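J.: Sequence:
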Amino acid sequence: MQNNKVLIVDDQYWIKIMLKEVLTNSGFTAFVASNHVEALEIAKNEQPDIVVLDVNLPGIDGLSLLSSLKKVKPSIRAVFISASSDTDYVSRAMTEGALGFFFKPFDIFEFTTFLVKISTSGMASRGEGKWEMDGGPPAQKTS
Numbered sequence: 009m010q011n012n013k014v015l016i017v018d019d020q021y022w023i024k025i026m027l028k029e030v031l032t033n034s035g036f037t038a039f040v041a042s043n044h045v046e047a048l049e050i051a052k053n054e055q056p057d058i059v060v061l062d063v064n065l066p067g068i069d070g071l072s073l074l075s076s077l078k079k080v081k082p083s084i085r086a087v088f089i090s091a092s093s094d095t096d097y098v099s100r101a102m103t104e105g106a107l108g109f110f111f112k113p114f115d116i117f118e119f120t121t122f123l124v125k126i127s128t129s130g131m132a133s134r135g136e137g138k139w140e141m142d143g144g145p146p147a148q149k150t151s
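With the numbering used here applied, the sequence shown covers 9 to 151.
Source of the hints: derived by calculation from the structure; they are not laboratory data. Treat each hint with caution, since some may be false.
Unchecked claim - Restricting the straight-line Cα-Cα distance to at most 27 Å, the calculated cross-link-like pairs of lysine-lysine (DSSO-like) are:
#1 Lys52 x Lys28
#2 Lys24 x Lys52
#3 Lys79 x Lys125
#4 Lys28 x Lys112
#5 Lys24 x Lys125
#6 Lys78 x Lys13
#7 Lys24 x Lys81
#8 Lys78 x Lys125
#9 Lys112 x Lys13
#10 Lys78 x Lys24
#11 Lys13 x Lys125
#12 Lys13 x Lys28
#13 Lys112 x Lys78
#14 Lys125 x Lys112
#15 Lys79 x Lys52
#16 Lys125 x Lys81
#17 Lys79 x Lys13
#18 Lys125 x Lys28
#19 Lys28 x Lys81
#20 Lys28 x Lys78
#21 Lys24 x Lys79
#22 Lys13 x Lys52
#23 Lys79 x Lys28
#24 Lys125 x Lys52
Predicted model, so just to flag it, every value in this text is computed and none were measured.
Build the full structure now, drawing on both the sequences and the hints.
T.: Shown next as structure tokens:
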């Protein structure tokens, strides 16, 4: 895996710190933002390959931010994380180009493995993954 850049956008401090540490230890260069202003600034300066977006952010929702990020870097790949299990939002996210959707709390190993996979496989458009219903959260991304 090349040293892919990942932008983590979440307003929960501990989520950002944990994900940054785990992803850095997995060979990624990770950046964190708490809101859309920080996220857009980092995206302009660092040109991340992947963005990990919380659904609910201060002043904006994750899909709106993804739209803005794609104007900065059209090839950016998106993975959503959320404490909400809104299956309509999952469908909308996939339609807008998300490659994955993980519900908090999620298995960090599965999450990291998924990011490694999309960073090395060239997955760049929606619909290349699959969704499964497993009796837990309504949908978990599987490889």
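J.: For each hint, tell me whether it holds in the structure or not.
T.: A quick look at each hint next to the structure:
1. Lys52 x Lys28: Distance ~19 Å between Lys52 and Lys28 Cα, so the pair holds.
2. Lys24 x Lys52: holds, 20 Å
3. Lys79 x Lys125: holds, 24 Å
4. Lys28 x Lys112: holds, 16 Å
5. Lys24 x Lys125: holds, 21 Å
6. Lys78 x Lys13: Answer holds: Lys78 to Lys13 is near 15 Å, not above 27 Å.
7. Lys24 x Lys81: holds, 22 Å
8. Lys78 x Lys125: holds, 21 Å
9. Lys112 x Lys13: Judged against 27 Å, a Cα distance of about 22 Å means the pair holds.
10. Lys78 x Lys24: holds, 21 Å
11. Lys13 x Lys125: Roughly 14 Å between the alpha carbons, so the hint for Lys13 and Lys125 holds.
12. Lys13 x Lys28: With Cα atoms ~11 Å apart, Lys13 and Lys28 stay inside 27 Å; holds.
13. Lys112 x Lys78: holds, 25 Å
14. Lys125 x Lys112: The given pair, whose Cα atoms are some 20 Å apart, holds under the 27 Å limit.
15. Lys79 x Lys52: The hint holds at about 10 Å.
16. Lys125 x Lys81: Holds, because 20 Å separates the two Cα atoms, which is no more than 27 Å.
17. Lys79 x Lys13: holds, 17 Å
18. Lys125 x Lys28: holds, 17 Å
19. Lys28 x Lys81: Given pair Lys28, Lys81 holds - Cα atoms ~21 Å apart, limit 27 Å.
20. Lys28 x Lys78: At roughly 22 Å apart (the allowed maximum being 27 Å), Lys78 and Lys28 satisfy the hint.
21. Lys24 x Lys79: Holds, at about 24 Å.
22. Lys13 x Lys52: Distance of about 13 Å is within 27 Å: holds.
23. Lys79 x Lys28: holds, 24 Å
24. Lys125 x Lys52: Measuring from Cα to Cα gives roughly 25 Å; hence the hint holds.
Violated hints: none; the structure is consistent with every hint.
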